[in-house]
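Model the full structure from these sequences, guided by the hints.
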Amino acid sequence: MLKNKLIAPEGTRDILFEDCTARRKVENKIKNLFVSRGFSEVITPGIEFYDVFSSDAHGIPQEKMYKLVDSKGRLLALKPDLTMPIARLAATRLRDQVRPLRLFYSQNIYTITPALTGRSDEIPQIGVEIIGAGGKRTDLEVLVLALEALQSCNLDDFRLEIGHIGFFNTLIGKLNLDEEQTEEIRTLIQNKNYPALNDMLDRMEDKKTAASLKKLPALFGGEEVLDEAAEALDCPEVASYLEALRSLYQSLSELGLGERVSLDLGIVNRTDYYTGIVFKGYIEGLGTTALQGGRYDTLLSDYGKEEPAIGFSINVDAVAKVLLPALPKNPVPDVLVFAEEGFEVKALLEIRKLASHGFCAEFSTFENFDESRRYAIKRGIPTVYVVNDDLVEVRLS
Amino acid sequence: MKPIRIALTKGRLEESTVQLFEKIGYNCEQLRNKGRKLILEVPDANLEVVLAKAADVITYVEHGVCDLGVVGKDTILEYGGSFFEVADLGFGKCRFALAVKKGTDFYAGYKVKTIATKYPGVARQFFADKGMDVEIIKIEGSVELAPLLGLSDGIVDIVETGTTLKENGLEVTENIISLSARLIVNSASLKLRKKELEAVISKIEAAI
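Residue numbers (this note's numbering), protein chains in the order written: chain A, 1 to 397; chain B, 1 to 208.
Hints in this document: simulated from the structure, not taken from any laboratory. Note that the coordinates shown come from a computational prediction; the quantities given were computed from them, not determined experimentally. Careful: at least some of the hints might be erroneous.
Stretch by stretch, here's where chain B covers chain A in the computed footprint (C-beta under 8 Å, at least three residues) [stated by the list, open to error]:
#1 157-163
#2 286-294
Derived contacts from chain B toward chain A, CB cut-off under 10 Å, selection only [claimed, not checked]:
#3 T59
#4 F84
#5 A87
#6 E160
#7 I184
#8 A188
#9 R193
#10 E196
Derived lysine-lysine pairs resembling DSS-like cross-links, with alpha carbons at most 27 Å apart [stated by the list, open to error]:
#11 B:K138 <-> B:K102
#12 B:K194 <-> A:K214
#13 A:K321 <-> B:K138
Beta carbons are placed, not taken as given, at the ideal position from N, Cα and C, and that holds for glycine.
Quick look at the structure:
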């Protein structure tokens, strides 16, 4: 107990100097982009009722949530997700606002990750939601926005990977499996675990559908995937999804974003949550997903209003981590201003003047010049101004 | 070009993996005479090899500091994680099993049973699926000792041939799942370096 007061809880950390600069830089660039496309910011509370995240259809596993109890004994959660509170907001206070709603957020989420894996429990996310608009146009707008958001951060290489939840949901629907088996197949496809997937599907009676499902995780890559899929997936119902992806891919290519885009028909994360296109962003030099999004047309009905919606979120820390090495180290001030007894006000006026010319000037809190000078040398501040009747500039070599 | 980095499990799976690499035609000189070096090169293949403990292979691949990994299914089941598990390498075959002292009936009676294991996650899942409450004690070394000393009613452990069990008067009551070595891939790497990684993966698959 005694020592706990000296350290940050597991899964969290203090963010210092350059790390803050990197994080704010990412946030600002992306925020400016969102604002320029007509999105408005919302901030939802850091704690919400547990019920917001615990719906039967779309809930988040309870072991991943930090929970608290309010003064009336009701269960609260540190929010593990930003879309659900926004869905709640859209279905309540923003119920009668003009649709579509274009909202963006930049807040932390909290999630319990396994201990000692180096993962963070506190994740800053920035993202958008378009609520009340379905269809191809909105899908395209959001994909472009996701690509431009990553592009705005000056990353060397990044990729946005697009899929459609309809492939899996249509095919699995034909097999008439119980929830447990469906989940098992979903996990195997998600992990691209070909050997176990093949074993499992070989036991199915509907050989045709099983054969198509087996191929799903291998269908990823460039535009050629769509032609491969048309042949490999023996199922006319999925033709419309292929067509949707083809048209999106073509539009993105025309916008000059084609080489940043790839396809993966085996994206099957949160199949009960997403209802249409799904996408993930990867950055060179980062082993994890930096961006996640998709269409979720059924979530809003959990909060009492049925309407289509689509959005994505970016892990700000992940992007910042990639940018960090290229950023300058925490800068030191250009000048330390030392005021002799009685000249403090003059010195502060001088600092104001320096700042207005774009210099970073620090006020010396020391009583005499020698101490000020020693401090400046230790911090690596190159110049000391001594303010008295006059103003003397001392350069430290 | 940045080399592809592959993490291999030290020990039990190491020899078979190196043999597999030799079969592919990789120059395994450094792997055979590794000395104290931790990162080894496969010349002419743009491949770097890291030797690590099983659980660390998963950690390295999950964080993306290694693109590929060779690790036992036992470790994957125990530690989980998010990565692609693309191939069954066919060697390192064994199974998870529940074993007890010869002649005892593990399921008899209503007393809560105690299980000693090196794999608490696997043991917990196995009994949770049965809807059975058990007490699990984690043991680091020879798990077979626990029932002999009277610490536990049974053990959940890897069984290859069953000889160790037999010599200590234990027997398998139930097989849990078959295991073997797997090839795992970092999910971001597979997407960003698809061509290079697929080339390596298909070479490995062809040599199995």
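Hints versus structure:
1. 157-163: holds (count 3)
2. 286-294: Holds: 4 residues of the stretch 286-294 of chain A have a Cβ under 8 Å from chain B.
3. T59: Because about 7 Å separates T59 of chain B from the closest Cβ in chain A, which is inside the 10 Å limit, the hint holds.
4. F84: 4 Å, holds
5. A87: 7 Å, holds
6. E160: 20 Å, violated
7. I184: Holds - the Cβ of I184 of chain B comes within 10 Å of chain A, reaching about 9 Å at its closest.
8. A188: At 5 Å from the nearest chain A Cβ, A188 of chain B passes the 10 Å test, so the hint holds.
9. R193: 9 Å, holds
10. E196: Status violated, d = 13 Å.
11. B:K138 <-> B:K102: It holds: about 22 Å lies between the C-alpha atoms, which stays within 27 Å.
12. B:K194 <-> A:K214: It holds: about 19 Å lies between the C-alpha atoms, which stays within 27 Å.
13. A:K321 <-> B:K138: 37 Å, violated
Checked against the numbered hints above, the structure breaks hints 6, 10 and 13 and satisfies the rest.
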